[in-house]
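Asker: The sequence shown lines up with residues 29 to 93 when you count with our numbering.
Everything labelled a hint here was simulated from the structure, so no lab data went into it. Keep in mind it's a predicted model, so treat the numbers as computed, not measured. C-beta atoms are modelled at their ideal positions from N, C-alpha and C, and glycine is treated no differently. A hint or two may mislead.
[Unchecked claim] In silico lysine to aspartate or glutamate, EDC-like type, Cα no more than 20 Å apart, as pairs:
(1) K52 x E86
(2) K64 x E49
(3) K60 x E86
(4) K77 x D63
(5) K33 x E91
(6) K33 x D63
(7) K35 x D63
(8) K33 x E86
(9) K52 x D63
(10) K42 x E76
(11) K41 x E86
(12) K35 x E86
(13) K60 x E75
(14) K77 x E91
(15) K35 x E57
(16) K65 x E49
(17) K41 x E76
(18) K35 x E76
(19) K42 x E91
(20) K41 x E57
(21) K77 x E49
[To be verified] What follows is a set of in silico ranges between Cβ atoms, one per label pair, in the way DEER data are often shown:
(22) I53 x I80: 14 to 24 Å
(23) Y90 x E49: 19 to 29 Å
(24) N39 x N93: 10 to 20 Å
(25) N92 x G40: 30 to 40 Å
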Amino acid sequence: MAYIKIKLSNNGKKAFQVLMENLKISINEAQKLIDKKRLFCNGILVEEKNKILNGLVELIVYENN
29 MAYIKIKLSN NGKKAFQVLM ENLKISINEA QKLIDKKRLF CNGILVEEKN KILNGLVELI
89 VYENN
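Using the sequences plus the hints, can you model the full thing?
Answerer: This is the structure in structure tokens:
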């Protein structure tokens, strides 16, 4: 049981849209993940839900073994 970083694909989309498309989740769930400070772009914390992301996007998730 640990937290791991998963890489997400993006092509200049807004932060919440990247999460919605990659994880197949609702806009509310995507915004909650951003509020929990678990989304990073090029190693920098993403705090704006509508920020356009370019580069390496990573999400910290809890993996239950």
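Asker: Would you mind marking each hint as holding or not holding in the structure?
Answerer: Against the structure, the hints come out as follows:
{"no.": "1", "hint": "K52 x E86", "result": "holds (16 Å)"}
{"no.": "2", "hint": "K64 x E49", "result": "holds (19 Å)"}
{"no.": "3", "hint": "K60 x E86", "result": "holds (15 Å)"}
{"no.": "4", "hint": "K77 x D63", "result": "holds (8 Å)"}
{"no.": "5", "hint": "K33 x E91", "result": "holds (10 Å)"}
{"no.": "6", "hint": "K33 x D63", "result": "holds (17 Å)"}
{"no.": "7", "hint": "K35 x D63", "result": "holds (19 Å)"}
{"no.": "8", "hint": "K33 x E86", "result": "holds (6 Å)"}
{"no.": "9", "hint": "K52 x D63", "result": "holds (18 Å)"}
{"no.": "10", "hint": "K42 x E76", "result": "holds (9 Å)"}
{"no.": "11", "hint": "K41 x E86", "result": "holds (14 Å)"}
{"no.": "12", "hint": "K35 x E86", "result": "holds (5 Å)"}
{"no.": "13", "hint": "K60 x E75", "result": "holds (11 Å)"}
{"no.": "14", "hint": "K77 x E91", "result": "violated (24 Å)"}
{"no.": "15", "hint": "K35 x E57", "result": "holds (18 Å)"}
{"no.": "16", "hint": "K65 x E49", "result": "holds (19 Å)"}
{"no.": "17", "hint": "K41 x E76", "result": "holds (13 Å)"}
{"no.": "18", "hint": "K35 x E76", "result": "holds (19 Å)"}
{"no.": "19", "hint": "K42 x E91", "result": "violated (25 Å)"}
{"no.": "20", "hint": "K41 x E57", "result": "holds (17 Å)"}
{"no.": "21", "hint": "K77 x E49", "result": "holds (14 Å)"}
{"no.": "22", "hint": "I53 x I80: 14 to 24 Å", "result": "holds (19 Å)"}
{"no.": "23", "hint": "Y90 x E49: 19 to 29 Å", "result": "holds (21 Å)"}
{"no.": "24", "hint": "N39 x N93: 10 to 20 Å", "result": "violated (33 Å)"}
{"no.": "25", "hint": "N92 x G40: 30 to 40 Å", "result": "holds (33 Å)"}
Going down the numbered hints, you'll see the structure goes against 14, 19 and 24, while the others check out.
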